[in-house]
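Novice: Sequence:
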Amino acid sequence: MEDVILTSYKYLRDSDTVLTGYRVVAKMEGNPDFADAPPALAATKKLLPAVLSAVNNAKGRDVEVVQLKNNLKDELVGLLTELAEYVTVKCKGDRLKLLSSGFPVSGASSTQVEQVIQELEVTLGASGVATTSVKRLRGARAYMHQYTTEPPIDGTVWHIEAGKHPQFKFVGLKSMEKYWFRVVAVAADGENITSPVVWRVIQ
23 MEDVILTSYK YLRDSDTVLT GYRVVAKMEG NPDFADAPPA LAATKKLLPA
73 VLSAVNNAKG RDVEVVQLKN NLKDELVGLL TELAEYVTVK CKGDRLKLLS
123 SGFPVSGASS TQVEQVIQEL EVTLGASGVA TTSVKRLRGA RAYMHQYTTE
173 PPIDGTVWHI EAGKHPQFKF VGLKSMEKYW FRVVAVAADG ENITSPVVWR
223 VIQ
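No gaps in the numbering here: position 109 of the sequence shown is 131 in the working numbering, and each next residue is one more.
It should be emphasised that the hints constitute simulated quantities derived from the structure, not laboratory data. Accuracy of the hints is not assured; some may be wrong.
What the hints assert, rightly or not - With a cut-off of at most 25 Å between alpha-carbon atoms, the simulated PhoX-like pairs for lysine-lysine come out as follows: (1) Lys119 <-> Lys32; (2) Lys114 <-> Lys95; (3) Lys81 <-> Lys68; (4) Lys191 <-> Lys81; (5) Lys49 <-> Lys114; (6) Lys95 <-> Lys32; (7) Lys81 <-> Lys157; (8) Lys49 <-> Lys112; (9) Lys67 <-> Lys95; (10) Lys114 <-> Lys81; (11) Lys68 <-> Lys200.
Claimed, not checked - Each pair of labels, with its calculated beta carbon distance range: (12) Gly161 <-> Pro61: 31 to 37 Å; (13) Asp58 <-> Lys196: 44 to 50 Å; (14) Pro61 <-> Glu143: 32 to 38 Å; (15) Glu172 <-> Lys81: 16 to 22 Å; (16) Lys81 <-> Thr103: 37 to 43 Å; (17) Asn53 <-> Gln89: 32 to 38 Å; (18) Val87 <-> Thr171: 18 to 24 Å; (19) Arg163 <-> Pro61: 35 to 41 Å; (20) Asp38 <-> Lys68: 38 to 44 Å; (21) Ser30 <-> Lys81: 19 to 25 Å; (22) Thr29 <-> Gly82: 28 to 34 Å.
From a predicted model like this one, the values you see are computed outputs, not experimental measurements. Ideal placement from N, C-alpha and C gives every residue a C-beta, glycine not left out.
Put together the whole structure using the sequences plus the hints.
Specialist: See below:
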């Protein structure tokens with residue numbers, strides 16, 4: 023049976039759809055197997071920060087904000103579908119090439135498909151304190167807890183605290199300021215696995 027790209031990415035939770043998008047872009051950009059990738063790849067990369075921001079903003083349940091999020095997510099899924107069709111034609115069933123695209127592939131082990139950070143918790147404590155926490159990732163060698171004070175874009179400089187634990191307490195943050203947080207796990211094979219981005223206004 024020929025290996026194929028699974029369409030499960032179309033039905034994921036909002037944050038997981040965004041994560042899939044970032045993973046596909048990271049895997050396909052600069053990949054010689056996809057040197058002639060369609061414009062949908064660049065469009066996906068450009069769209070992702072807006073989708074991520076909309077997903078975070080929609081947590082307040084404002085009807086207009088939720089609709090904007092849904093529209094952007096639909097646009098992202100459409101771009102990913104176009105890329106999946108391109109990868110399918112390009113790879114002609116070659117399993118290794120399919121896996122190198124970042125898309126979920128039939129027959130892949132659960133550790134390959136599910137080796138992602140599903141959720142990032144950011145808990146506010148005393149004034150100027152925030153704690154980032156993710157579920158421990160099997161095989162992770164280190165965790166890089168990061169924040170920035172500007173909406174994340176390509177080239178954003180993150181403040182990084184590295185360690186072996188999936189939780190970290192930041193202190194000395196500015197009260198009443200908005201911070202964006204994420205955690206990057208370094209897997210045993212050297213791959214960086216990035217959490218969704220979450221923002222908080224510091225107490």
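Novice: None of the hints should be skipped; say for each whether it holds.
Specialist: Against the structure, the hints come out as follows:
1. Annotation: proposed proximity of lysine 119 to lysine 32 holds, straight-line Cα distance about 21 Å (limit 25 Å).
2. Our distance criterion of 25 Å between C-alpha atoms is broken by lysine 114 and lysine 95, whose separation comes to about 28 Å.
3. For a cut-off of 25 Å, the pair hint linking lysine 81 to lysine 68 stands: about 22 Å separates their Cα positions.
4. For the proposed pair lysine 191 and lysine 81, the alpha carbon gap of about 24 Å is at most 25 Å, so the pair holds.
5. Our distance criterion of 25 Å between C-alpha atoms is met by lysine 49 and lysine 114, whose separation comes to about 18 Å.
6. Taking the CA atoms of lysine 95 and lysine 32, the gap is about 10 Å. The hint holds against a cut of 25 Å.
7. For the proposed pair lysine 81 and lysine 157, the alpha carbon gap of about 21 Å is at most 25 Å, so the pair holds.
8. Distance hint between lysine 49 and lysine 112 is fulfilled; the C-alpha atoms sit about 15 Å from each other, no more than 25 Å.
9. For the proposed pair lysine 67 and lysine 95, the alpha carbon gap of about 13 Å is at most 25 Å, so the pair holds.
10. For the proposed pair lysine 114 and lysine 81, the alpha carbon gap of about 41 Å is over 25 Å, so the pair is violated.
11. A distance of roughly 23 Å separates the Cα atoms of lysine 68 and lysine 200; the hinted pair therefore holds under the 25 Å criterion.
12. Taking the beta carbon of each, glycine 161 and proline 61 are about 36 Å apart, inside 31 to 37 Å as hinted.
13. Between aspartate 58 and lysine 196 the beta carbon distance is about 46 Å. The supplied range of 44 to 50 Å therefore holds.
14. Checked against the hint of 32 to 38 Å, the pair proline 61 and glutamate 143 passes, with Cβ atoms roughly 37 Å apart.
15. The hinted window of 16 to 22 Å between glutamate 172 and lysine 81 holds, with their beta carbons roughly 20 Å apart.
16. Between lysine 81 and threonine 103 the C-beta distance comes to about 26 Å, which lies outside the given range of 37 to 43 Å.
17. Separation of asparagine 53 from glutamine 89 is about 35 Å and conforms to the stated range, judged on CB atoms against 32 to 38 Å.
18. Between valine 87 and threonine 171 the CB atoms are about 22 Å apart, so this pair conforms to the stated range of 18 to 24 Å.
19. Checked against the given bound of 35 to 41 Å, the beta carbons of arginine 163 and proline 61, roughly 37 Å apart, stay inside it.
20. Between aspartate 38 and lysine 68 the CB atoms are about 20 Å apart, so this pair departs from the stated range of 38 to 44 Å.
21. About 24 Å separates the C-beta atoms of serine 30 and lysine 81, a value consistent with the hinted range of 19 to 25 Å.
22. Remark: the range hint 28 to 34 Å for threonine 29 to glycine 82 is upheld by a beta-carbon distance near 30 Å.
Hints 2, 10, 16, 20, counting from the list given before, are not met by this structure.
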